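Peer 1: Chain by chain, the residues run as shown.
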Amino acid sequence: MRNRMAVIGLIVFILLILTAVFAPQLAPFDPDKQDWRARLQGPSAAHLFGTDEFGRDMLSRTLFGGQISLVAGVVPVIIGATLGTLMGLTAGYLGGRWDQLMMRFLDVLLALPSIFLALAIVGTLGPGLFNAMLAVAVVSIPGYARVVRGQVLTLRERDYITAAVAAGAGHARVIFRHLLRNILSPLLVQATLSVGFSILTTASLSFLGLGTQPPTSDWGEMLASGRQYLPDAWWLAVFPGLFVMLAVLSVNLLGDGLRDFLDPRSRND
Amino acid sequence: MTRYIIKRLVLMVPVLLGVTLLVFLIFHLTPGDPARVLLGEMGQGATPEAIEALRHQLGLDRPWYVQYGDFLLKAIQGDFGRSFRGDRPVLPELLARFPVTLQLTLSALGLAALTGIPLGIIAAVKRHTWVDHLVMVVALLGVSLPSFWFGIMLMQMFALKFKVLPPSGTGTWQHMILPAVTVALSSVAFIARMTRSTLLDQLREDYVRTARSKGLRERAVVFRHALKNAFIPVLTTLGLQFGNLLGGSVVTESIFSLPGLGRLAVEAIKGRDLPSIQGSVLWVALVFSLVNLAVDLGYAALDPRIRYE
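For the protein sequence lines, the chains are A and B, in the order given. Position one of the first sequence corresponds to residue 4 (my numbering), numbered consecutively onward. Position one of the second sequence corresponds to residue 1283 (my numbering), numbered consecutively onward.
Please note that the accuracy of each hint is not assured.
Footprint (simulated), chain B over chain A, 3 or more residues, beta carbon under 8 Å [unchecked claim]: (1) 104-113; (2) 120-126; (3) 174-184; (4) 196-207; (5) 211-222.
Here are a few chain A residues that sit away from chain B, every Cβ distance over 12 Å (derived from the structure) [what the hints assert, rightly or not]: (6) Gln28; (7) Ile81; (8) Leu89; (9) Ile164; (10) Ser188.
The hints are simulated quantities; they were obtained by calculation from the structure and are not laboratory data. Please read all numbers here as calculations on a predicted model, not as lab measurements. C-beta atoms are modelled at their ideal positions from N, C-alpha and C, and glycine is treated no differently.
Can you build the whole structure from these sequences, using the hints too?
Peer 2: Following this line, the structure appears as structure tokens:
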């Protein structure tokens, strides 16, 4: 059951990536082309998702918006996972003062609810897509660092690590060749599950006007800019929202499935 | 116990210092002069002299560590400084806005607990039936829906279409319903999943087998034996959800035009109003840390096996 759902999640997520990558070929219209005679039209054969307040084709905008929203889901995960893993690996393996310092830094990051921390970081850096992605990356660091550190603390005592050290392996070699390899699966699960969090959080920041800035738009910004026309134009909100949900849902299904597959002890049924 | 509480309170100090220092450093390392932003908005010609004068007036022409030290000294005395925008004292503004946020967060928490826990129990008891699958699918949807989108959809449906609830603002308890449902959504899902899995763990324990084999009815086994033990982790989850809900309020207040802390923070951020940003960050971190401490203490009070020294 879980496996099937995970496969469905994977397929849907790949399809979403493909529609974003091939948006230039798939989109029926130029997403930025305004047509004042076709303002705020409901879904029809010509415009499957309707048009917005400038007469722009919503289907084309949703496809192109996906490019940004999906990148915003993946980039923070790459940055956050890299930094968090480095912190967790070194803190767990080296221990001592370095470990203390890293843990206190994580305490600081965990002292605020995650969306609020992201908001504070974007707020101090200034609005913009890159800053929003950076903020989401910083917010996700503690998740990785803790998972990795915990794993390293148990692995450190294993014989093969002692053997490696006895054989003369340096810190770097032990960390990257021996430890990292053995924590890849929990790391992969954590990373997959945080793609959904990243998509949701950057979309929320864009919705608040702190992420993507017009005329560029992602799904969150599309929702924010179409909001005032909503009572009469439901399609402005429904389609971008559905795509956010589809993306997050598919990647969460995939993450749950991966966790069950890679760590059978966590299975709960 | 008292020693433990004091120790935790003392440990909060470096964390709060770290949070404010982080915000301060990022603010000073990034380009974007608040004086220029402010003058630009007032529509005045931003001459270099005018900018310099305003920078001096706001205290921005001093080295960052002097500004930070000044902020700390005043903050300890309960003075969070004055906002760049509107030149109002920050702390009274925070205190005036906080009750709205707290009310929203607590209503959402209550709502999430009242729906999430029963859903989790039903799913666990009816495990592997269509009821269980349905609850889990709803829970999965709950964590995947963007809350701001859900909020807008609720507002469309119940406030603008059927006109049964007010669309925005504050005043009556009805004003709180849509925002609370919006904030609660992801927590309902989380709590339901957590309740289900802890209850399932308990139902596999030996004492449950004993209870069943002595002929106890299933209802008594679940409610009187297993649920009692499953409750401790569930209550902890509830406590930890408080932080999430507090964060969720930030976005939701903007949708429903609630004059809470979240909206204050968003407005401050858009205007690069450092004292207000710094003030809201410090306040939220303080509340968040105290709630986490309360959760840990509650955990020990409920479970006699846990002792803090």
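Peer 1: Flag every earlier hint the structure violates by its number, smallest first.
Peer 2: Result: hint 3 breaks, nothing else.
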